[in-house]
Structures are given as C-alpha cells and as structure tokens.
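Participant: Assemble the complex: chain A is given as a structure, and chains B, C and D must be docked to it using the hints.
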Amino acid sequence: MNVGLYHYLLLGAILFATGVAAVVTRRNAIGVLIGVELILNAANINLVGFSRFSGGLDAQVFALFVIVLAAAEAAVALAIILQLFDKRTDVDVDRASSLRG
Amino acid sequence: MVPDLGNLLSRFGAETLLALAIPAILLADLVPGRGRRGANATAVGLLALVAALLLVLFQGSSDGAILTKLLVADGLAKVFRVLAIGTGIVAALAALRWGDAERGRAEFFVCLIGAVLGACLTAAANDLAMLYIAIETLSIGGYLLAGFRKARVEGSEAALKYVIFGAVSSGAMLYGMSLLYGFAGTATLTTPAGTSFASLEGASGAAAGQPAFLVAVVLVFAGLAYKVAAAPFQFWCPDVYEGAPTSVAAFLAVASKGAGFAAILRFVGAVTAGTTPDVTATAGDVRTILLVMALVTMTIGNVAALRQNNAKRLLAYSAIAHAGYLLLGVAVTTAEGATAVVFYMAVYLFMTLSAFYMVGLVEKQTGRADLDAFEGLGFRAPVLGVCMAVALIGLTGLPPTAGFAGKLFLLQQVFEYGGEHDSMLFFWGGVIALLNTVVSLGYYAKFLKVMYLCDLERMPKGPFAFAGVDKGLVLALTVPVLLFGLAFAGLYDVASELARGIFVAAGGR
Amino acid sequence: MTMAETLPSYVPWILFLPAIGAVVQQVLGPRLPRKGDFVVVGTMAASLVLSVAAMLAWAKLPPGHYFAASWKWFELAGGITFEMGMVVDGLTAALLCVVTIVATLVFLYSTAYMKGDPRYHRFFFWLSFFGVSMLVLTLADNLLMLFIGWELVGLCSYKLIGFWSEDLANAEAAKKAFITTRVGDVGMLIGIMILYKQCGTLHIGEIFHAVKGGAFGGQEGLLTLAGVGLFFGAVGKSAQFPLHVWLPDAMAGPTPVSALIHAATMVAAGVYLSARMFPLFTPDALGFIAWTGGITAFVGAIIAVSQTDIKKVLAYSTISQLGYMILGVGVGAPWAAMFHLCTHAMFKACLFLGSGSVIHAMHHAQDLKDMGGLRAKMPVTFWTFVISTLALAGIPATSGFMSKDAILLQALHEHRYVLFVLGFGVAFLTAFYMTRLVWLCFMGKPKNEEKFSHAHESPLVMIAPLVILAGFTPWIFWGHFPEKFFGTPAYFESHPDFEHVQAAYIAPGAGAPDHDHPWYFQLLAYTTGGLGLALGIGLFLSGRRDEKSRLLPGPLHELSVHKFHMDEMYLDGVVAAGNALADRSSWVDAKVVDGAVNVSGAVSLFIGDASGDADQMVVDGAVNLTADVAEGAGAMVATAQTGRIRNYVTAALGLTAVAVVIIVFVL
Amino acid sequence: MNLLTITIFLPVAGLLALLFTKDGKQARWVGMFGALATFVLSTFVLFKSVNLEPSEYALTSDVAWITLGKFDVHYRIGVDGLSGILIFLTGLLAFAAALASWNIEKGTRGYWAMFLLLHTGIIGTFASLDLFLFYVFWEVMLLPMYFLIGVWGGPRRIYASIKFFLYTLFGSIFLLAGILVIYFAVTSDPAFRGNAFSIPDLTAYAQQARGAGGILANYGANAGLVANLVFWGMFVAFAVKVPVFPFHTWLPDAHVEAPTPISVILAGILLKLGGYGMLRINFPFFPGVMKDAAFWIGLLGVINIVYGALVAMAQTDFKKMVAYSSVSHMGFCLLGFAAMTPEGLNGAILQLFNHGTISGLLFLVVGVVYDRAHHRDLNRFGGLLWKMPVYGTIATIAMFASLGLPALSGFWGEFLAFVGSYKTTYYEGAKLITLIATLGLVFTAAYYLRAIQRVFLGKTNPAYESFPDATTRERVAMIALLVPTIFLGIYPKPLIAVYQPAVDAIRLLVG
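Here the protein sequences line up with chains A, B, C and D, keeping their order.
With my numbering as the guide, the letters of the first sequence map in order to residues 1031 to 1131.
With my numbering as the guide, the letters of the second sequence map in order to residues 661 to 1169.
With my numbering as the guide, the letters of the third sequence map in order to residues 70 to 736.
With my numbering as the guide, the letters of the fourth sequence map in order to residues 24 to 534.
Just chain A, with the same shape it has in the complex (with noise of 0.2 Å):
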C-alpha cells in the first residue's frame, strides 16, 4: 500500500498528541522544551505532506522557516532555564511558582 496524504496527517496528529501529553506531563524544564519541539515538527510533517500531494513548494519553504525559527526557540529557552539553574539549583518548572494570585 502506497503512503497517501492520509498517513502523513496520522503521523502529524499523532506527533502532535505526544507533543502536548510530553508539554503537560514533565516536570523537567527541558522535558517540556522536547515536547515543544515535537509540536512543531508535527507542523512540518503535515506541511511536507500537503505540498507532496497538492503540489506547489511554498509549504516546503514554510517547513524550512519553522526549522530555523524552533532552533532560534529552543536557544533561547535554554539560555533562560540555565538563567533559572544557576539562580537555584533545579530546573522543576513547579518550583518556579512564587508569582501568583
């Protein structure tokens, strides 16, 4: 059986899916910034699979400015969260509550 949109959509959901459950369940800082990053390669996937199947390469570009910009992201969220650890020894998002109400 041939790959269709279909099966790239599936994937895309899926990876999505884990994204969020990876967001909401980890504690580790860092745990969470993979769950962002699988988010947005789920994007990709689906962009990738809607210019294989109707044609035209602007999602592709598009896919590639998402690459660019999850990386300028994810730099700079870790620059924030080693901020965060060397002010207090863990990086356990819980912990970091003291703005509330």
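If you are wondering where the hints come from, they were derived from the structure by calculation, not from laboratory data.
C-beta atoms are modelled at their ideal positions from N, C-alpha and C, and glycine is treated no differently.
Heads up, a few of these hints could be off.
[What the hints assert, rightly or not] Each pair of labels, with its calculated beta carbon distance range: (1) D:V506 to B:L1085: 52 to 60 Å; (2) B:L1085 to A:R1056: 37 to 45 Å; (3) D:E128 to C:H634: 57 to 65 Å; (4) A:R1118 to D:H398: 58 to 66 Å; (5) C:E144 to D:E128: 44 to 52 Å; (6) D:P213 to A:I1044: 56 to 64 Å; (7) D:D85 to B:G1150: 17 to 25 Å; (8) A:I1060 to B:P692: 37 to 45 Å; (9) D:D400 to C:G282: 51 to 59 Å; (10) C:V644 to D:P485: 28 to 36 Å; (11) D:P213 to C:L294: 51 to 59 Å; (12) B:L714 to A:A1105: 32 to 40 Å; (13) D:N484 to C:E74: 54 to 62 Å.
Facilitator: Chains B, C and D only, in chain A's frame:
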C-alpha cells in the same frame, strides 16, 4: 514575480532599517567610546527606532500594495507599525531612566529592536508563514526582555513561564496553520484579486464547509489569543508583567497586543470572507466564538483585578480586560468594527502607557510596586496625580476621556449587530460589557482612593521628586486621552480610513 | 331660588385685618408698647364689627340669597383651575359672629392673664394667626381653602397648647393633639379626593350640583364613603370618639387658649363642616354620624363626673357637648347642631374664662382639692360661672335649654329612641357634674388656706368678658336665632329636590309645619336639668363628699376614673405598633435591602480593607448577594493563577480542547 | 454667545481661575463669586423660559460637535419651563451651599474646583437636548461628587463615596445601552429624517412610531422585548438617582458622610435629575410601554412614601432621618408621574422643586447644629429653641413645610399628587395605591414632630447652654431658601405658570 528591491525599500524601508540596525548596534558596542559602556549602542539604537518611525509615517505605504504575497502595506499595517515603534521608543526611554537595561545596554537594544521588528512584520503579514515568523521574532524578543533583570529571581521565572507558554501556544498555532494550508492550498491570506482564503478549495475539497476547518481556525486563534493575552490563553500575562521590568511590561501590554490584534483582524477577515453559504455559516460560528472569547476575557480580567494589591498585576489584569473589549470589535466582523478596534487601540496606547509609566516612576522612587506606594500621590505630586487620575478614568471609560469614546464605538457595533441580525446574544453581550465597566470602576477607584481619599494627616510626608523629563513624558501621554475625549471625530476618521481594507472582502455586513 | 350676590367689598377685610395684625405683631411686636397686644385685639375687634355688618347685610337679603365671590388661584394644563372664594350665608354669618365675638373677648382677657409672660408677644402672634386661620376656614367656599384653614388651625392649636414647652409634658400634649387631628385630616383628604374624582371640582356649591346631577351615579356606597371620610376629619378636629384623647391633654395650654380654641371655635369647626356638607350624607352615613355623636356625648359625660382638675372637667364636658352637636347633625337637624354650637360657644367660653380667672387667682393651681369657698372672694366670677352652668345644664329659660332640646326633639321625630334616651341621660349627667364642679370650687369651706388667703377677684379686663358672655345665656336673645339664620337652607336651596335637605333645614316655627311637642317630651325637657342640679346639691350639701368620692355606680366609676382606658389602648396599641413597625423596617433597610441588593460588601471589598465599621462588614458579608458573585468569581480566577506553568498550559490547552469538542459536535 | 451656554460653562471658567489662586481665602472668594454668578444667570434663564408653547424650547443653540457619517452628535441645548425652574433651583442651592461651605478649611482650592465642576455637570444635564450630551454631562457630575464626599466627608466617607459612585454608574450603563440601541434602531429606519440623538426629534418619532417596539420598531424581530428592556433599563438609571425603593440605600450613607453644603446640593438637585430624566427621556420615548408600566411605577411610589417614612421614624441620626424623608417625599413624584393627569404631573413637578428648597433648608439646619454640637444624635439634643430662637423658628418652619402643612410649599406638591393620582384612569389600582399613600402623611407628621420635640423643645441641655444663635451667614443661606418655601406655599401660581407648557407637552406625548 521577483520582488524588485526598489518597491520593497519604498514600502518597507523601516523594517529593513531596523534589521540593519541590529548588527550596527553590536558593532557600535565594540568601538570603545568615551561615555559609559554601551553609550554609543544606545545612541545607535534610539536613532534607528526614531528613523524607522519617521520612515513608516512618511513613506506612502498605505496604498494596499501587496508585496511578494508575504507582506501588505495597507492602512492597518501602517497604524500598528507606528504604534509598535512608538511604544518601543517609550519603553527604551523608560528602561534607560529606570535602569532596567543596566545589565547590558547593547543587548537590551538588540532584543528591543528585534521585538519591534517582529511586531511591525506581524502587523503587515499577509501570509500564514510570514505571520508565524513575525510572531516568533516578536515573542523571542519578548522572552529575552522579560528576563532581562538578572538580579531579581522573579525576572527569570517570568521569562521561563513566558517562553514555555509562548512556545506551546505558537506550536498549536503552527499546527493549525499547517492544517489550514492543507485546506486552502495556499498560505496567502488575501490574494491581490481580493479572493480570500476561505473560499478556495484545497487538496481535500471545499475548505469552509468541513468542521475540521473550524478546528484549525480555533487552533490558530490559540496562538493569537496568547499574543493578545485573551482567554483562555491569558494565564502568563499577570506573572510575566509582575516579574518583567516595568518598561518591558509596558511594551508587551501595548506593542505586542497591538500587533496581535492586527494579525487577528487580518486572519478573521480572511477566514470569514466569501459569500458561499457554508462560508457565511462558519463565519457565524467564528463570530460567536469570538464574542464568547471576548466576554470571558473581559470578565476574567475585571473580576480578578478586584483582588489585586500589586499595581503591576492589577494593570496586567486590566490589559486582559481591555483585550476582551477589543475582541468585541473583532467579533462583529464589519468595517466599522475594525475601525472601532483601531480607534480603541490608539486610545488604549496612551492610557496604558501613561499608567505603566507612573507605576514605573513610583516603583523607582519607593522601590515598591503595591498600591500603598501610591499613598497620597494626588496631593504629593499634583500634576502627575491628575495625569494618573485621567488615565485611570479613561481606562474605566468615563465620558470626558477618550476611553469612553472608544468603548462607545465598540458597544455601538455590538448593539448594531444585535439589531441587525436579531441576535439577543450580542444584545446581552453589550450589556455584559457595560456591567464589566462598572466592575472595572471597582479596581480603578482603588487607585483613586489611595491617591486622593487617604487620611491627609497620616499620609507619608514629602512630595515625590519626579524629574522634568518624566513629567513631560507623562503629560505628553495623558493630554491625548483628554483631547480625544472631547474631539474624537478626527481620530475616528483616520482610524476608519486606515481600517478600510479589512473585512471588505467579507461582503460588508 | 338661591341667588349669589356679589360679596360686599368689606367682607375680605374680615380676614385681611387680623392677618395684617398678625404680621405686624410678628415683625414689630417686641418693639411696640405693651408688646403690640393692642394691635391684635384691635384688628380682631374691627373684624368683629365687619362680621356683624356682614351678618346684617346678609339678613336683609331675601331668603335663599347669599353673598359669594371667588378668585382664580392657579391654573393647570388641561383647563383645570383652582379657585379661592368666600361665601356669606346663614351658616357663615352665624359662625363669623360667634368666632369674632369669642376671639375678641379672649384676646382682651389674655392681655391680663398672660401679663408678665416672657414670650408675651409670641402668644398674641399665634392667637391672631389662629383667628385668621379660623376665618379662612369659615369663609371658604371650596374644600381646598377649607382644608388649608383646617390644617392651619391645627398648627396654631399645636403651637398654643405647647406654648410653655419648656416642660416636655406640654410639648408631648401638643404633639399628641397634632398627630391625632392629622389622622382625622387624612380621612378628610380621602373624602376630598373621592369628591374631586367624581365631581371634578372642589367648589362646594358645584359639588352639590354634581352630586344631584348623578356624579356618583349608582355608587351609593362611594358617596357614603366620601361623607364618612369628610366626617372623619370632623371626628379628629372636634374630638369625637375615638379621636377625642387629645382634647383633655390640650388643657396643658394657657386657659385663654383652651377657652378660644378648645371650647368655642376650633373644635366647632368639625360640626360646621358636617352641617355645611350635610346634603352629601347618605342615610347610613347619617346613622354613623349620629351614633358617633351619641357615644361621644355619653363617654364625655361619664368621664367628666370623676375629674379632679377644673379644666379637665370642662374639657370632657366640651367633648360631650360636641357629641351632642354631631348627634344633632346625625339625626338630620344640622340647624339645631349649629344653634347648639353657637349657644355652647358662648357659655362654654364663659365657663373656661371663669375657670381661668379662678386659676389666675389661685396662682395657677388647677386642682379642685385646693379650691372651695371662693364664692365670697370672687363674686362676679362666681355668678357668671353659675349662670353659664345653668345654661350648660339646659335649665329652662336658658339658651342651652333651647338648643339642646331642639336636637333631642329632632331625635324623637326621627324615631331614634335609643339616642333620645341617651341624650336625656347625658343632659342629666351634665347638670350633675357641673353642680359638683361649682360646689367643689366655690361653695363649702376653703380647703387650702394659704392659697385661699391670696385669692382675690380678677381685674376688670378679665371680668368684663365673663359678664358679656354670661349675658348671652338668657333665652330672649336667641328666640328667633334658629329660623333667622338657619331657617332657609340658603346655600342649598338652589337644589329644590334635595328633599331631605329641604325638610331638615326648616327650623320649627319658621313657617314650616309645626313640630308637635308630645307631652312626655315637655316633661323630660323641663325636669332633667333640675333633677341633675338637685342631686348634685343634695350630695354635696352635707360636705362629707369631696372630689375623690365615688359618685357613679360600680363599673361606671371605674371606667370614668380610668377614662375608658383609652390612653393605655393608644400608647400600648397604636403608638407601640407604629414604633415597632418603624424599627423593623429600619432593620430591613440597613441589613436586607442594603445588603442583598447593593454591593456594600463589594464596596468594602473594593476598598481592600475593612474600613467600613465592623457591623457593616459582618452583616454585609453574610447577607449580600452581588458582592459574593464578584468575590467568588475573582477567587475562582485567582486560584487558577497558581503560578505553576504546567497548570497554565494544561488549563489553556484543556479549555481549547473543550471549545473544539463543542464546535465540532454542537455547532 | 447663548446665555445658556454661558450659564453652563461659567463654573468651568471659575474652575480655571481657581488654578491660579492661592489656597485658603482667595479660593473661597473665587468659588463664592462663581456660585453667585451661576445663581444670577440661572434667574435670567428662568425668565427666558416663561410662556413658551408646549415642546417649544428657548435659548436653543445647536452646534455640530462630532460628525462621523450617521453618528452626528450635536451640542444641542435648550430650556423649557421644566428645565428652567430646575436650573433656577440649581442656582439658588448653589448660592446657599456656597454660603454654607464658608468654613471648609482643608484643601479649599480643590473643594471649590470640584464644587463648580459639579454645577457645570448639573446645569448641563438640565439644558442638554441631545442624548449623547445628556449622558456626558450626567457622568461629568459623578467625579466631583465622588471627590467631594470622599475627601471632605465624615468618618466613613470612603465607603459612602465609592457606594455612591458604584450605584450611579451601575444605573448609567443602562442609560448608555439604551441610547446606543435607540441610535441604531432609529438610524436604520429610512423614514427617520431627524438627528438620531436629538431628544425633540426622537420624541416626535416616538409619537408616530406606535409599532410593537415603538421607537425601536425596527430593532429586528424581538423589538417588543428590547423596547421593554430599554425602558426599564433607563428607568433603573433614573431610579437610582430619584432614589426609588430598592436602589435607595446609597442615599443615607452619602448624606450622613457628605459635608453639609454637599448634602444640600445632593438632596436639593441631584435627586431631581432622576425625575427630570424620566420626564424628558424615559416616558416620552416609550409611550406604549409606559402605559403598562404605570402601575408598577405607582406601586414603587407608594412603597417609597410609606417605607421611607417608616424607616425615617426609627432613625436617631438627624441627617439620616432627613435623608429617608427625602426618599419618602420623592415617592410623591413617582405617584404623580404614574398618574399622568394634569394634577398628578403638576404635583410631581411641584414636589421636585419644593422638595429641593425644603430639603436643602433642612440640611442647612442639620449643618448649623452639627457645626456647634459636632454630633447628630437626636436624643442628646434638647431645648435649643430657647437658646437659639431665630434658628429654632426657621428649623421648625422648615420641618412643618416638609410634613406638608398648607401655606408652605410642601403642601401643594403632595395635595395635587394625591388628588391627581386618585383621579387617574391611566392605570388600574390607582385608587387603592393612593389610599395607602395617605398613611405616609401620619408617619411623616410623627417623625418630624418627634424631631422638633427632641431637638428644640423641653429643657435646654446644659451642654448646649452656650450655643450662639445662627450667624448672619447661616441666616442669609437659610432665608434664601425659606422665602420661596413660604411665598410658593401661599401663592404657587407664578411657578406653576412657568412650567405648564412642559406639562402640556408631556401629557400630549405620553398621556
């Protein structure tokens, strides 16, 4: 159609200038200057911002020309770009005066200009991809600025929350965009010929009819809602505003919210355009979603603000509430609705900036940001006291101020829509919005109470020592609030002219 | 046919002169010699002269004619005008003369009685203002002006009763008088409202015209209600049962006030109103009036027997006599009621002024236990007192006899035998308690030597009025009075087919069919007064009885001493209930309405600190609704703001998922 | 320049002058001059508003203010009999209140600035014939009042001022909603020629648009429901001000805490704005809805009268008692409005004016005794009449006027309201309502006489032996309000003649 350089420069000179400014600042910082470290970086930064503002104002960029499918230089883009750069300048000045940027002037300006660039591009984006890129630039700039003051641990906590929440939301948005791309087969929001996004048929048949289309739209709304801090994506807002330096908070409250609304207007315009029956059906659903989102947002913002005792958190919730009011204008999806949003955004800019600036001043003077720091401000700093009072009265939406005019137009649209389409939902929506105004009086009056109604004897003595520059800036920000309050016809005309392009494709009413 | 003549030009001056006197007294009073009392007395005397002139002018008119004039007071949209007018006919002429005579004499009397009082000039201002109000009430040709005079008279009575209100008891008495009469006025206002709605006008003549023209159509009950409403005003003002409780306490005022207001004029206003509005009263309204009058007469007489204060006895006697007059109206003889009003005004004023002269002589001692044997010391007062007592007791050949019997005769003709017997019983009691009073006051041995030694005859200016008033009691003076003044129902003749009016107004012997005087009526009329007198003298001649002794059989005495327990009933019942209701509503207002409806709790929430006093906070927190809503929602949102990023993201995405589900399945 | 515009904006000129005067004495004189000038100008306005035709306006001026396509708001002002007398009342009370604010020491400049701004708001509201302008002036009044009570008030002033602000704002949002809905419904009707905000045009339009929703005929399918909602919404906005029964709880707090002169203005004028608003906007715009609403308004009126009087009876604080008496007296206006008969309407409008002078006078009276004894507990006073004869006499006359004694102006309002309300056939049940209302007379007499007795009669409380009688300043202020009370009591014709055309107009439009 290869974009000729001349056309790009003539329309988007400002953006190109800002983009070039970033490396220029870094280079300038290397040159050992006489003054304090980073003096010339600051100079270059400020110069770039001012120049960009002038370029946007005077370049004939509001003739609706669409460039390379990605950017559109119409009135809407113009007003929000002016707004973004203007706020950037004010935030820069504030940061310099309050020492928010002490850790590294150059780095501060790089992030700020990056964010301003992102904001300008978001306002002008006419393509899903471009929109995502612009929003990401703006957000990344914002994450860094939020955590700029290393000294205080809240700064980094705020940045962390901002980055995680931002990443997740934009991720969801991107996923929504990818699905939309699948439906429409193209990522361009409005093609030059005016046929818009929703009416096209993508790879999987007619777009607008299927429920999945609406799901994708909601997902995209997620990202946009995060940007303007509308429900259910407003959780980050109070914590980030409290943790971030006040100047950055001001920038986020105005510039990023403005850019976000520009994007929402354009996106909703594209999604609801088209006259085919299933397009108008989905358009109806989109309007209902937007209205519900607006009412929930404003109610959460107003009600939660009642309990706040920290000035910055209170203004954060007030910003959420105002996002709710603005969404009302978007929900009616009419040209006048867009005009009302643009008008309200302009008025909101002056009121919020002057309120934030005052909070910053008091915080710098007393080191505290809670309400009691404002004790007897009305009597100890009469001029600024009156300015703060005018800003607060404007935010509440009482007549002599422009805030009232802004709310008036938004409400007029809602009631008009209620009558036009016999939908009691919009009629009651208008009434709920009005009730929210009363609730909002509650927390704005708290400020007035502390400033004026305190016990004159027990009040801490000694007037506030505010520098002339600060007074001048606050006055400059507050005078328009009163001026437009009395004569807002001019501003309204400008706003309607600028918002002409939006929703036209949607066949008007 | 009745014809309205144009009012003689001097008639309005009857009213304006005392008004000017009052204003001059108020403004220049203190600076004038003798504190300006001569201004007030002079203007009232002038008004008396003009009144007599008006009466004579009216008398010359052919029967059925009367003077009238009215001026437009103000005009409302829709062509509705309110006029003020004056009318001089039988009723007014008589009352004008009575009021002005008694007023002039009392003013004269007061110059001596009130000498040396620190607020002497203020007293005369209020006397003069009272005169003006009474004249407004008398001359009024429409219910609005009458109502205005009615309430102003109430104000003056409040001010004069509470003249010495350094002592709170007097102030309390004044308040009681005003509020009780105010209750009556409310009834009157209801009557006026009904009449205005049905007849569209307040002018008395036009009202009768409209009522005859069927304004009330079939609604007989409504006309009765209107009649009873107006009468309720009279009950309040003329101290009829059950609103009579204020008159005895009104004796707290100076005696000239009691004489003028609470004997002759003001209390008579109720009778005058009933007589004036007589055509309106339907048969069952007349029944109600008759019985009210009867009961009041009886109650007044019973209580008067056991009173120990000289003025209280006279007060209850006045209540009783007023009951008589109202009975007269009730049984369909308004002319007899007015006749009794005029005669009663004269001798009751004389009695009060006499008692005033006694009190003045005994240095403000009002209690009978200090008096006795004053006959020798105060001969003129004594004799005028005795003559007036004879008139009051209804001894033949006195004015009282003629007017009282006219009423009882009419009661007989109306076959109201119970009231007829009651009437004569009251006549007997009146003679009895008056003898007791005269005996305890003037006869027998002086009980309080120290006061008795000081006693002396009052100065001439106090004695003269006594003599003049006593002069009015012999019958010869009143011979033709009834037919002359009330012979023709002038004011109503324009409505020939008011049958019951026509008959009611024709006094005996004035060309109307002669009312036969059955033999038993003659017997009763001539003997009751004498019997009462004899019993009184007999009981007290032996000297063994004093003012405390029981003169009435068993239960009656107990009722009499405790004044039928009316005061307690009011204090514990009506007044207590009013205050309780007020306190209850005040609690409801502060706690429930303030709490539930408004945002008082929210307001304190907005202030952020408990700056409201504790009570406000405690209750508002517990009771109110809107504040909880705002606070609850706020709390809900704030708790969602846990500070932990994962909660934020879960909440955000969760809500979006919910939205998606709704969209897909619902929309 | 139009006389009316000068009258409206003269206080603002005074306000600007205050910016340059020093605090203390100078500020007081500028404020006083402003108040006096307002009083003089208001008398001119009154003379100008005499014998006009029904729904004809004098001193009109119509300047385009905001024109955005159909949304064209005009600075449209004008005065007819009704607003003429109320503007005159504003001027009179401004003069009396200015005299009474002579001894305000704390922050004099701010006080007088707010005092003058308040009057611009009030006179502007009475004069405006444009819905938008009416709403703007209506809100402009809120702020100065908030500060006047909040800064210069008594111990619980903050609570009282915020409560006042919240209540009135809560009311006014329904007014705004109504204005917007009317604006939309009217502009979307092609037949409508006039300006969508001008009150005269809208009332004319409401006359001939007798459809389901009346003026809102083309507000879509549920026009009938929306018309009712908007009518009752606007009624709530004005009812909060009147105040009407459930919304009255702010009045006692605001009065108790407000300084004396502000209480005079609050009771004298602000309560009348509610009544005026109803007569000018609420009823003429929805004649159809008014017909069925009349019963409820009458019912609320009688509740106001009896309930207000009862609660007043239980008060021990002098000022709170007078505040609740205002609630009770305003009930008569509602009774008169509901009746819609010539006598009823005249009674209501007379009550609006006379209650203004009388309650203003009563608050001055309370102020005089408060300045001396520094407390307002009725039970602790006694026998003041003997020590302060002039003051005592004026106070007693004021109280008798308030309980509706004839020959004093309070009587006419109540008498005509009673007669008019009983006579009306505008709604069923009027007779029973009026009969119950007469109970109010007895309760009112009870609590006023008790107050007179406790404060003025009886033995003089030794603590108050040394009280000086009313000073000339206080006397002038009180006499200024006493003269109309007595004169209009005896001869009300001049006042009645002034606003008769307005009554004609209202009866034509609504009756």
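Participant: All the hints need checking, so say for each whether the structure fits it.
Facilitator: Hints and how they fare:
1. D:V506 to B:L1085: 52 to 60 Å: Since the Cβ atoms of V506 of chain D and L1085 of chain B sit about 57 Å apart, the hinted range of 52 to 60 Å holds.
2. B:L1085 to A:R1056: 37 to 45 Å: holds, 40 Å
3. D:E128 to C:H634: 57 to 65 Å: For E128 of chain D and H634 of chain C the Cβ distance comes to about 58 Å; the hint holds.
4. A:R1118 to D:H398: 58 to 66 Å: 60 Å Cβ-Cβ, so the 58 to 66 Å window holds.
5. C:E144 to D:E128: 44 to 52 Å: 50 Å Cβ-Cβ, so the 44 to 52 Å window holds.
6. D:P213 to A:I1044: 56 to 64 Å: holds, 58 Å
7. D:D85 to B:G1150: 17 to 25 Å: Given range 17 to 25 Å: holds, Cβ gap about 21 Å.
8. A:I1060 to B:P692: 37 to 45 Å: holds, 39 Å
9. D:D400 to C:G282: 51 to 59 Å: holds, 58 Å
10. C:V644 to D:P485: 28 to 36 Å: Holds: the Cβ-Cβ distance is about 29 Å, inside 28 to 36 Å.
11. D:P213 to C:L294: 51 to 59 Å: holds, 56 Å
12. B:L714 to A:A1105: 32 to 40 Å: Since the Cβ atoms of L714 of chain B and A1105 of chain A sit about 33 Å apart, the hinted range of 32 to 40 Å holds.
13. D:N484 to C:E74: 54 to 62 Å: holds, 59 Å
Going through the hint list in order, the structure satisfies each hint without exception.
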